[in-house]
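A.B. asks: Sequence:
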Amino acid sequence: MKRRTFLKSAGAIAIAHSLNCIGTIENCVIAKEPFEEYTPGAKSLDFILSHGLRGSHKDLEPIKTRIREEGYGTLVWDYPDYADNIEDLVLRAGEFKEKYQIQNPVFGGVSLGGMVSFGAAAKYDCAGLLIINSAHRGTPAFSNVLKSEALRRKDCTRHPAKISALVELCGSLIGYEPPIQNINAPVIYISSEKDEIFPREEVEYTISHLTCDYSWTELKNSGHAIYEDRIEEILNLITEQVRKVFGAR
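Once you know that position 33 of the sequence shown is 310 in the numbering used here, the rest is easy, because the numbers rise by one and skip nothing.
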């Protein structure tokens, strides 16, 4: 099978922030056209992978590599610098289906990317979900943790408007709760026992709303930052569960 790689990462463009860009670059957000990379696999199933709030597609490299080793296609992408609403991210994840003619993807994500994936799966047809250290609803506690980090970074950036958009995105998470009972595809769910962002009660709340088949694994003595905490164990678990749930598809 001939493989094609679609890569999108254009030069920087200036975007006015709150229509206040008047002659000086300080009033603008400098945003790169969002990165996206789609690489089909030998098998017919594709994974659309979404990263965490403070990360990028590069954080997904270990997971993407492991999934590709199993023969599946992958799409990784970056959130737009100016994104200030989680619903916009959900819609963008869904747009990749049509753009790359992906019929029934597996939506997968880490942290905020898991919330995006739950939202996309509730809205679009899919083959399944791969959720890591996440939950489907936004809570004030989750939003406040991320917002405080964004505000701390605001004083250290040349483009505070970009961080302001991040703060707005955090605010949009409060009360966000997609109808995951509409999902009729299997869910692979991995959580951490000591996750300070998505504690066990939030994971259990999400699971209580699932009406589809799911497998849930809780990693003992593990925290939210999976790339610093037992990543190989998580990758091996992903391989095991993907083979079990999706087989030769």
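No lab work stands behind these hints: they were computed from the structure. Note that beta-carbon positions come from the ideal geometry of N, C-alpha and C, so glycine has one too. Please note that a few of the clues may not be correct.
Okay, derived cross-link-like pairs now, EDC-like style, lysine to aspartate or glutamate, Cα gap no bigger than 20 Å in a straight line [to be verified]:
1. K374 x E470
2. K400 x E346
3. K497 x E510
4. K400 x D358
Across the chosen pairs, the derived CB separations fall in these ranges [to be verified]:
5. G524 x E478: 31 to 37 Å
6. E314 x D365: 29 to 35 Å
7. Q380 x K471: 35 to 41 Å
8. K471 x S321: 36 to 42 Å
9. R520 x D365: 29 to 35 Å
10. D361 x D490: 20 to 26 Å
11. I508 x G348: 29 to 35 Å
12. N381 x I451: 20 to 26 Å
A.B. asks: Give a verdict on every hint.
C.D. replies: Here's how the hints hold up against the structure:
Distance restraint check for K374 and E470: the Cα-Cα separation of roughly 33 Å exceeds the 20 Å cut-off, and the hinted pair is therefore not satisfied. At roughly 29 Å between alpha-carbon atoms, K400 and E346 are farther apart than 20 Å, so this suggested pair is violated. With a CA separation close to 11 Å, the supplied pair K497 and E510 stays within the 20 Å bound. At roughly 24 Å between alpha-carbon atoms, K400 and D358 are farther apart than 20 Å, so this suggested pair is violated.
Checked against the hint of 31 to 37 Å, the pair G524 and E478 passes, with Cβ atoms roughly 33 Å apart. Between E314 and D365 the Cβ separation comes to about 20 Å, which falls outside the hinted range of 29 to 35 Å. Checked against the hint of 35 to 41 Å, the C-beta distance between Q380 and K471 comes to roughly 38 Å, which is consistent with it. A hinted range of 36 to 42 Å for the beta carbons of K471 and S321 is consistent with their spacing of about 38 Å.
In this structure, R520 and D365 meet the distance hint of 29 to 35 Å, their C-beta atoms being roughly 34 Å apart. In this structure, D361 and D490 break the distance hint of 20 to 26 Å, their C-beta atoms being roughly 35 Å apart. A hinted range of 29 to 35 Å for the beta carbons of I508 and G348 is inconsistent with their spacing of about 21 Å. With their beta carbons about 31 Å apart, N381 and I451 fall outside the hinted range of 20 to 26 Å.
When the structure is compared with the earlier hints, violations turn up for hints 1, 2, 4, 6, 10, 11 and 12 and for no others.
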